[in-house]
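Protein chains in written order, with this note's numbering: chain D, 1 to 256; chain Y, 1 to 383; chain W, 1 to 165.
Worth flagging that the hints you see were computed from the coordinates, not collected in a lab.
For lysine-lysine, the following DSSO-like pairs were computed, each having C-alpha atoms within a straight-line distance of at most 30 Å: (1) K267/Y with K95/D; (2) K80/W with K45/D; (3) K56/W with K139/D; (4) K96/W with K203/D; (5) K100/D with K267/Y; (6) K203/D with K56/W.
One side of the interface only, derived from the structure: several residues of chain D facing chain W at Cβ under 8 Å: (7) T185; (8) R186; (9) A202.
If you're wondering where the values come from, they're calculated on a predicted model, not measured in any experiment.
Each residue gets a CB set at the ideal place from its N, CA and C atoms; glycine is no exception.
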Amino acid sequence: MIENRRKFLKKSAGVLAGAGVVSGFISKYSTGFATASTEKPVAEKGIRWGMVIDMRKCVDGCVKCIDVCHVTHNVPEFDNPKDEIKWIWKSDYAKVFPSKSQQFVSAETKQKPFLTMCNHCADPPCVMACPTGATFKRKDGIVEMDFHRCIGCRFCMAACPYGSRSFNWRDPRPAIEDITQEYPTREKGVVEKCNFCSERLAKGQQPACVEACPEKVLTFGNLYDKKTEIRQILKDNPTIQRKPELGTNPSVFYIT
Amino acid sequence: MIEKALTGNKVYWSWVALLVALIILGIYSYSQQLTYGLTVTGMGRDVSWGVYIAQFTFLVGVAASAVMVVLPYYLHDYKEFGKIVIIGEFLAVSAATICLLFIIADMGHPDRVFYVLLYPHPNSMVFWDVQVLNGYLLINIVSGWTVLEAERKGISPPNWVKPIIYLSIVWAVSIHTVTAFLYAGTPGRHLWLTAVLAPRFLASAFAVGPSLLILISFILRKFADFDVGDKAIRKLATIATYAAIANFFFVGAEFFTAFYSNIPGHKHSLQYLFFGLDGKYQLVPWMWFSMIVGIASVLIMLYQQRKPSQKLLIAACSGIVVSLWIDKGIGLIIGGFVPSPMEEVVEYFPTFIEITVTLGIWAIGLLILTALLKVAVAVKKAA
Amino acid sequence: MNEKILIFAGLAVFLLAASYPFWQSTEAEDFPQIAMQTKGEQCVAPVEYMRKNHMKLLNTWRDSVVRDGERFHIMPDGSKVEKSLTKTCLGCHVSKEKFCEECHSYASVKPYCWECHVIPKSGGHTELSGIESGEISKQNLLNNLLARNQQFAESKQQFQEENSD
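The shape of chain D in the complex, shown without the other chains (with noise of 0.2 Å):
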C-alpha cells in the first residue's frame, strides 16, 4: 500500500512536471536576455553544497585526499588507464584550466598539480544528457548517481565538459584491494563519479576528502547561506571555477 500511494504521487507528479517542462525551458531560457554575463541568476534559497580548493596551501605530492576518497568509496585501482576510475585526482594547471591564461606562464605553473573532481554544476549538462535520470540533480545542489538506473549509454561521458566522470569498462571489485563495508562498490557497466559524500553529509560529517587534508585546503559549506565560512572565503578571495563561460555553474571554486 505505501508503494501504491507512492507510485500514484509519482504519477501525478510526472503529469504534472511534463507541463512544468514546457514553462521551465520557457524560464531558463527567457533569462538569457537578462543580461549577458556567463552568471545566471539564481534564486539563493536553501542549499547549495560546494567547495572552495585553496591551491596555494596544497602540497605537491600529497594525495591524502585522494587516498581517503577512493578507500571511502571502494573506488578500483586499475593498471591500464583505459580502464581507469577516478572521483578526485590531479592533473596540471594548464589541463584543468585550458581556458585561462598561459601566455608567459612558468612552467612550474602550467604543470602545477591541480585538484579537480565533479563540479556538481547548478546548471549540469551531464543530468540533462541522461536518458533515465540515473544522474540527477537533488534539491541541496549535489549531482548524484543512481547506479541501479544507469543503462550505461555513457551519455553523461559526452556531455561533461570536465571529464569528471568515469565507466566501470570491468568488474572492479578485484581491483579494490580491501572493501570498505559501508559503502556499495559498483558493477560492471554503469558510470560513476564524484558524490560529495553525500552519505556522510546525511549522517553531518563533511566530505571524506575535506576531513582528510592536512592542510584545510578544501572547504565545504552551503553556498546559498551567507553566514558560511565558505562564503566568507569566496568574498575574501579572488577565486575561479572551471570553464565558467559553459554556463555550467560549477559549485567547486579554486583559489589559484
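Given chain D's structure and the hints, the job is docking chains Y and W onto it.
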C-alpha cells in the same frame, strides 16, 4: 509473402550462409563482451564512444535517406521511382534495425534498455532518438509491406497508408536531426558543438543513401535479373551528387570557422583528424583518404552526368559511400573525443571483438535487407 | 488439408508442453524452511507482508534513499531505523546464506543486490549515527569531525601500510 525469401539459387544461399557465419561470430564476440564488460573494446575513459556509436550515426543517415525516393514518388508523383521506392523503404527498415542493435551493443547494461521508456526523461536527446528511430522503423515496415502486399494482389494500396507515407517523409528528416542533436548539444565538445551538424548529417545521408541504392540496383540487375530503370538510377545519381557537394560545402564551412576564427578549442579536433595533434596522428591518413576519394567521386559523378558510364557511376557511388563512412563512421565520433575535456590526446583503436560484433550487426542488417529485397523483387517481377 | 492437421497437432503438443508446470501441480513441494534467526524483536513491516513484498519494499527504500535522500524508516512502534539492506535487514537476520539465499535459490531468482552491496562481515544492529539529512549544525559537524578524523587517520595509516610494499 515472406516465403519468397526461402527460395533461391546457389549464389543466394552462399551469400546467406556467409552472413549467418558472420552473425554467429558476432554473437560469440558479444557474449565475451557481456561476460567481461566493455573493457574488451578499444573504448576507455577518454574516448568513451567508439565504432558502435559511429556505425549507429552513419546508419541513421542511411535509414533517413529513404526519403529521397519516397518524396519524389509519392509527393511529386515521379513515376520513374516506382520500382526503387520499395528498395529504399526496405533499406531504411534494415538500417534502422541495426541502428537499434548498435545502441544495445554499446550499452553497459543492455538488460536495462527499457528503462529509457520506464523512466522517460524528455530532456535527454537519447529519449527522443529512441522514440523517432522505433517510430521510423515501424512506419517503414508498415508502409513498405502494405504497398507491396497490395501490388502482389493486384489492387491499389489502402487509403490509410497514404498519411503514413507522408508522415515518413517528415519523420525521416527528424531521425537524423535528432541524432545530430545528440552531439550538437554537448557543451564541451567543439567538433560537435556546431549548428551546421544537423544539416551536414542530412546532406551526407542524402549522398550515401542514393549511392547505396544505385549500387543495390546494379547488384539486383546482375544477380536477380531485376531492373529499376536507367532513368531512376540517373535521377538518384543527381541527388547523390548534389547532396555530396552540400556535404563538402558544410565541411569547408567548419574548416573556415575553426581556422579563420583561430580559436584553439575549435581547431583542436580538426587538427587531430587532419594534421595530427601532440604527435598523435592515427586518423590523418584515413581522413585525407576520405576527403580525396569523396571529392574525386563528386567530380566523377559530375563528369558521368554528361557522358554516362556504368563503370564510372559504380566507382563514384562506392567512393561516396566509403568516403562518408570514414567521415561519419570514424572521424566525427572519435574526433569529438580528441582532445578530451582535460586536453589529453588519447587514441582509440577498435579491438578484434569490437570489430567482429560490428561485422555481425552489419550482417544482421544485410540479412534482413536480402530477405526483404528477395520478397520485393519476386512480387515486382510477378506483377 | 494434411498440413493443417500437422500444424494443429504441433500446436497442441507445444501448448501442452508449455503449460505443463501449471496443470501438473499447483502446490510447491519442499518449500525451504527459512531459519528466522533474528536479533531484534520486530520487523520493519508485518511478516506476512514482508514475505510477499520484501522486494517491493527494498525497491521503495532504495529509491527514497538514493533519489529523495530519505534515509529513515518509521517502525510500527514509532522508532526509526535506517533504510538499509545491509545494516537494518541483515543486522537482524544475521545470516545472508540462510535468510536470503536459500529461498532465492529455491525460487531461482537472482537479485543483483550483492553485485555492489557489501555483505556485512558480522551482523549486528547498527545504531543510528549522526542526524537526519539536510541541516548540519556547526556543533554537530565539529563533534563528528573530531571523532571521524581519528578514525580516518587510522584507516589511512592502515591503507598506506598495506600499500607501501
